[in-house]
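Going line by line, the protein sequences match chains D and H. End of the first sequence sits at 116 in the numbering used here; the numbers just go up one at a time, nothing left out. End of the second sequence sits at 167 in the numbering used here; the numbers just go up one at a time, nothing left out.
Just so you know, not all the hints are guaranteed correct.
To be verified - Chain D regions said to be covered by chain H (calculated; three or more residues, Cβ under 8 Å): (1) 38 to 51; (2) 97 to 107.
As the list claims (entries may be wrong) - Derived contacts from chain D toward chain H, CB cut-off under 8 Å, selection only: (3) 33; (4) 57; (5) 72; (6) 73; (7) 92; (8) 110.
Honestly, the hints are just simulated from the structure, not real lab data. Predicted model, so just to flag it, every value in this text is computed and none were measured. In this text, a Cβ means the ideal position worked out from N, Cα and C, and glycines have one as well.
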Amino acid sequence: KAGVTQTPRYLIKTRGQQVTLSCSPISGHRSVSWYQQTPGQGLQFLFEYFSETQRNKGNFPGRFSGRQFSNSRSEMNVSTLELGDSALYLCASSPDGGSGNTIYFGEGSWLTVV
Amino acid sequence: DAKTTQPTSMDCAEGRAANLPCNHSTISGNEYVYWYRQIHSQGPQYIIHGLKNNETNEMASLIITEDRKSSTLILPHATLRDTAVYYCIVRVGPTDSWGKLQFGAGTQVVVTP
């Protein structure tokens, strides 16, 4: 069974630009969540999608957004990039996101903002 | 949110068992304990989780105390590839926790030859 797939793995963007990251969950998993990891803040929850609806949200500004498609694939978008957005962005999937479910992570997308 | 406390770092000799402690004294009755590890520059890897009973899988064993205020992750025969940051996480209540894991700083485990 294929794991969580994230693309691209590495990218460099300029301040002010926007970026879109993609995530394909494990087959059959309907919950997709996103995390940001930086050296200073560690791993932080961004948001979670289930059945194309955002169901949970972390404490990030509105520049961070996401969506989920009918096939459970998800994208996240960061607009007006800032230097501080440089981070590893991780996608995770689980059957329904509920407590007791196992959540599996992808390898992440490394974003560098210059 | 229930919080966890883990040692910042620990060393373990290759081939020996590694016992990683975690305190979660404010855990509620319906909150699960999860363990993940992260090897540098990779995504977190699921290890094991449990509610009340001890759990074992091919990677590790999870021992949860009867009062559920602490737990221990046991890697039975540590290898150099087990060098990683290990996170102990308590999932908050059912509706607040959709897809959400609240990571702390974790324990840096270094396995030495």
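>> Please check whether residue 73 of chain D passes as an interface residue: C-beta within 8 Å of a C-beta belonging to chain H.
In response: violated, 18 Å
>> Count the residues of the segment 38 to 51 of chain D whose Cβ falls closer than 8 Å to any Cβ of chain H, and tell me whether that reaches three.
In response: Holds: 6 residues of the segment 38 to 51 of chain D have a Cβ under 8 Å from chain H.
> How about residue 57 of chain D: closest beta carbon in chain H under 8 Å, or not?
Replying inline: holds, 5 Å
> Is the interface hint for residue 33 of chain D satisfied, with its Cβ closer than 8 Å to some Cβ of chain H?
Replying inline: It holds, given that the least Cβ distance between residue 33 of chain D and chain H is near 5 Å, below 8 Å.
> Under the criterion of a CB-CB separation shorter than 8 Å, is residue 92 of chain D in contact with chain H as hinted?
Replying inline: holds, 5 Å
> Checking C-beta pairs, does the segment 97 to 107 of chain D have three or more residues closer than 8 Å to chain H?
Replying inline: The restraint on the segment 97 to 107 of chain D holds, since 8 of its residues have a Cβ under 8 Å from chain H and three suffice.
> Measuring from the C-beta of residue 72 of chain D to each C-beta in chain H, is the shortest one below 8 Å?
Replying inline: Violated, about 18 Å.
>> Hint validation: residue 110 of chain D versus chain H, beta carbon distance must be below 8 Å. Holds or violated?
In response: holds, 5 Å
Violation of the numbered hints given earlier is confined to hints 5, 6; the remaining hints are satisfied by the structure.
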